[in-house]
Structures are given as structure tokens and as C-alpha cells.
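Undergrad: What follows is each chain in one-letter form.
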Amino acid sequence: MTKAHASSLFPHPHLLGIEGLLADEISLLLDLSESYVEQNRQANKKRALLQGRTVINLFFENSTRTRTSFELGCKRLGADSINMSVSTSSVKKGETLIDTAMTLNAMHPDVLVVRHPHSGAVKLLSEKVACSVINAGDGSHEHPTQALLDALTIRRRKKRLQGLRVAICGDVLHSRVARSNIHLLNTMGASVRVVAPETLLPTGIERLGVERFHDMAQGLEGCDIVMMLRLQRERMNGNFIPSSKEYFRFFGLDAEKLARAKPDALILHPGPMNRGVEIDSEVADDIERSAIYEQVEMGVAVRMACLDAVIHAAGNNKKAKP
Amino acid sequence: MTANGKRTAYVNARLLDPASKLDCTGALLTDGTEIADLGPTLFADGVPEGIERVDCKGHCLAPGLIDGRVQLREPGDEHKETIVSAGLAAAAGGVTTMLCLPNTHPVIDDVALVELVKRRAHEAELVNIHPYAAITKGLAGKQIAEMGLLAEAGAIAFTEGVKALHNPMTLRRALQYAHSFDLLLVQHPEDPDLAAGGAMNAGELATRLGLSGIPTIAETILVERDLRLLADTGGRYHVAHLSTAGAVAAIRRAKAEGLNVTCETAPPYFALNENAIGDYRTFAKLSPPLRSEDDRKAIIEGLSDGTIDAIASDHAPHDQDSKRLPFVQAENGIVGLETLLPLMLELVHNGSLPLLRALEAVTAAPARIFRLDAGALAKGKPADLVLFDLDKPWKIDVEKFRSKSKNSPFDERPVQGGALQTIAAGRTIFTGKI
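Each protein sequence line maps, in turn, to chains A and B. Under my numbering, the first sequence is numbered contiguously, ending at residue 323. Under my numbering, the second sequence is numbered contiguously, ending at residue 418.
So here's chain A without its partners, still in its complex pose (with noise of 0.2 Å):
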């Protein structure tokens, strides 16, 4: 499949969750980002496909890891980025969403890139703009790109995302990087386990397709894929988890823990890692089983994927409509 084909073949003009893609367009994207990571490694990672175009990376919270990626990404593909970030935008001010998404709507961009602490945010402001929209996590809810170049990683070191076991680990109840995690998984017919102690854990979360485990070591077991997660620092004090300390002796991912997992089990991360509370240094480090820097490689890729599919996918139903 030739990477044109591949992007105009994606139908949605908007990014917004894991939730309702179909296995064989969450392939292509993958497929597409693929010949990203091909360029990305050349001297000239510089391409002039997305040429005139616009995006807008419109952060309200704090990242440092995806909005490069995404400006990176744009940058690679020769369209124009900006960046803005709550702290300079109008928003301090008093504007709302609304009323922000129908300013920069007014100036014509192709595609904003949104990260909003809260859940829906980011489908509201897509409702009320003429561009696309890329979801770059809302809140609690979905964080696509993530879940895209965790499979991308998976994928290319396994051969396959069919028939894995997966352990999502840590503070799930929180993380919109599990649901679409758990989402795009259960889509490529992943097997998905969640483990965390049940404070960790929202309800109904087996509904979603996972199993619930409240121990490391059985939960663990048997694993191909070991993805821990961030827990924030405001989770520690004793709400959610008595303290960091205890954390790390039962949920933290050390060498005893990983043990129970597949001898070849990757473990991932999303990033950025508290070292000592939810992974020891020993594991994170370890080449042979850590991917956690590959997956900031493929980060790139599938941001670049993301902007040219949908790009693609707007203008394709410009030209459909009379």
C-alpha cells in the first residue's frame, strides 16, 4: 500500500478517540506512519507534502512530548505550525473554549491539534470548527496519537498486535492513555488486562473489555506487553495510594515483578516516568526490554500520519459535497 492510497483511504476528518475506529483503519494509520519512521531517519527528514498548510497546536495543559511531536511532525511534512499554549492565549482572559476554537477558526486553519484537561473538550471545539481536529488527549478520557504509537511500537518489535497479551499498569482511573489504550488493543484483538489497586481502578472498567487485577505478580503473568502508567504526584498523598513508598514495593515495575511477564516482554511508558514510584531504574533502562524512547521515535511518525490522513480525509469530503 503506497502511502497516498493510504492516507486518502481514512474517512474521518477529525481525530478525536480510539473509540469506534475500525481495525482496518487503525492499520492504515499505522501503516502510514511506518514510511514516517522511514523518513524520519533520512538526513533530509524534510517533505513538502502537507505544503501550505496550517496547524494550530492548541495546548491548555502542559506536555512536552506530544506538542514537540505534533510541531515536529508539521514541520517535516512542510506545513506551518504555531503553538499556543494556555499560559499566552486569550483564554487567561476570560474567553471561553467556544468562543477561542471560533477565533482561530476564523483564520483559516486546516487542522487543529487540541489537548484539554477536560474530558469532551476536545469533541465540543471540533463540533464548531470547519477544520479538522486531532485530539491530543481531553482530560480522562482518550489520548488517540498515544494508543497509536504504543501499537506502532508493539508492532514493529512483536510482528503483530493479534493474540498479545497486554497488562496496562497504575493509576487507570485517571488516564485517558489506557482507555484508548484498552480501546485500540481490544480492536486488534489484543487480550487486555488492567492492574492497579482498586482505588486505581474506575467502575465498570471490565465492561470495557479488561480484566481487573489488584496484583503485580498475577497480573503480570504470562505478559507480552507491559505498559505502566504515570501516576501524578496530586495521587499520592493518601486519596488514591497511602504514599509513593508503598506504591513502588507493589505496583512499582521492578526486575522481581517483570519476572512473572514473558521473558521477551516489552514494557512501555507513556511518559514522563517518576523513576522509583511506578518503574525502577533497572527495568527502564534496560535496552533489551525497554521501548520507551522508541515509542517518542514512532511518537513523531504517527503524529505525521495523523496530520496527513485527516488533512486528506477533509479535503476528500469537500470535493464529495455538491
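Watch out, some of these pointers could steer you wrong.
To be verified - Selected chain A positions facing chain B (in silico; Cβ < 8 Å): (1) Pro198; (2) Glu199; (3) Phe249.
No wet-lab data here; the hints were simulated from the structure. This structure is a prediction, so every number in the text was calculated from the model and none was measured. Note that CB positions come from ideal geometry on N, CA and C, so glycine has one too.
The hints should help you fit chain B onto chain A, whose structure is shown.
TA: Same frame as chain A, now just chain B:
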């Protein structure tokens, strides 16, 4: 530990084991720290050389009592009680295992404190002591303590001590968290808002005495609420010292629905009612308060039909200065280690409970609730035993208590039966006569 240990034969005993429903005349052999053998025909042909022989003279030999709720006051309030003085009191009361509350100074909410209590208990060489740890840091009701690490260090269960964990969100998270580690939470069943300012049971007597009352709904509502939370979260939940008919009924319903709930009561709630307060007797001031006669009868009914699993002493030592105060200002609680056995036997003598059921409430039931390898007469179990006289009448005398504190409303109460010898881990830690 059994090999080469000291061996002792307890012969001519009435063997009583609630766990196996055993009630027969026979003998029991301890080897080192464990029970090696027992039965009606053991040593029928005499005790071989090299084994110490103890003639039980037909008295009852039962598993040592397990007291699920004791305040040791150490560390922090050693003028009221210490691990040693409580250990001596326990031994004199036939208690071989006690669980101590975390409301010491400092609070047992840290691994180091659990280890401290365990070490001092070990050094005392008296009874087995298992500390509870706090559910929340500093018993402040806000942040969950390090339950996993505390349990690893030896915390037997988790409780806020003499107050309820009231905030429903904190309790919900605590139940969820404890459930993840398969740990037991123990609740003091009293809504602090409904009980605020109260000094005794709300009712006619409180009105006559001019004291603010604590309504029975303070207990019932908290228990009902907790049971709803438990049904939602799952996990293990135990209610301490039930005092009201309403709470007994709530637990009865919950058990019928299959909820994983257990509960206990304490002797004052089946042996006394609010009238024991009489003329402002602060030794009858408890938390929860002594209730009405109808509540007292409901507690006995709950024990009889098994709704109430266990009896604990709720030992709460206080010095004179804490009790010789206007009723409202006096501390709550009574000492109970040395009266647990005779008051439990009162239920047998007055026909309320069969002997084995009454014994079960202080042996096999707490062993089951707290998952202790104790509380049964069986091969391989710890040699924790009590030899007691079932019938002999005597009067409770607080001046003879080993406990440092004498705050008991049962002084001079005529009772029947009591401990003659107490054995913990094969060692005799008390001998006495009635």
C-alpha cells in the same frame, strides 16, 4: 518447634473445642509451643516418663481466649497500662491472644510502630499481641495509611480505634484499597455528628439526669451506610462492639444477603444496660454508650443466632483522674481483660448461650475473622490454652486486677467460673484459684 520441646500432658480435663464441636473428658499433650495430641483415650494408660503431668481435675480445658479489641496504652500512656501489665491481666483472664488498637501516642500508622509493639510484646513473653494499624494517617480520617506495608510488618487489621472513619469517600477508598490487599477494616460504629456532645444513651434516663443523649440511630445509620458501601466495593469489613438492636438487625439482613461482614460485641452490652449509670457513675460511661434493656436483649439474641460472631473485651484502661470527673468530661471505656471470661460464662449460666457457642465467640470466631492460626484444640495448633472452672461462684474484685487501671463497673459483681491456668505457646503464664 515441636521436636525436643518440653512436653506436658493435661489429663483428666473436660476438653472443649468450639471449632470441632468437641466436648468430652480426655487429655491433651503439648510439645514445645504446639498441641501434639488430644482426645478421650489419650494417656488412658497413664502418662509416660519424661512428660510433665498436669491434673485438670475435671475442669474445662479450652483454646486460650482471643480478645479482638484491647487498648494497651503503650506507647504513650504507660501510666494507664503497659504491654506487660495488660499481658498479665490477659493471662489472668484466660486470654492468650489480644489485638491492640492503634490509638496510642504516637498512632500506629507507621511500620516502625507496628514493629515496636511486636518487639515489646515479644520481650514481655506473655500473650500473643497483634497490633491493628490505623486506616488513615494519624487517625485523622483523611489520607489512607500505608496498609500494604503495615500488613507486611504484621498489622492484623485496620481501624480508626475509638472513632468511626466517617467520611464516606475516604471509607469507600479505604475499603477498595484494603480489598486490593485482602485486608480487614474494623469500624467503630458511631456517626460522630449524630453522637456529638452526647454522654450516654438518649432516652428517659438521660433526660432525668440532664445529660445529652447519643441516639441509637448514631450506630444504626453508620452501620447501614457502611453496609451499602461494602456492597458496592466488596472487601472485608468488621463492626466492633455492637450495642443496638437496630445494628444487629442491619447486620442480620446483610449476612442474609451474603455480604462479607462480621461483627462483635463486648460484655457490658449484654451484661448491663444504661441503668448501670445510676447516679452518674463514670465507670459505666462507654463508647458506644450502655443502651436500653431492649437493646441488651437484642445483643444476646444476635449472639445466640450467630448474627454477632464474636465477643471482645474492649479493654479501655483509664486512671482515676480520667474517670473522677463530671460525667460529661469523664473518659469512655472500662477495663475488660480480667472479666471477659466470667461475663461470657454468665451467658452460659443464665441459659442465654450453650457453652460451646459462648466459647466460640471468644476463640474460633475471632480466629476466623482475623485469620489467626489459633483458637482451636487440634494437632499442630499453638499450645494456647485456658484451664477454667466453669461453676464456682465468686465476686469480681477490681483491687485484684493485674491491670494498672481499675475502671470497671463490674466490681463486686457475683459471677460463676474463671481461669485457673493460662498457657501461651506451651508456657504457663498464669496459675490461680478462685
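Undergrad: All hints, please: hold or fail.
TA: The hints, checked one at a time:
{"no.": "1", "hint": "Pro198", "result": "4 Å, holds"}
{"no.": "2", "hint": "Glu199", "result": "4 Å, holds"}
{"no.": "3", "hint": "Phe249", "result": "10 Å, violated"}
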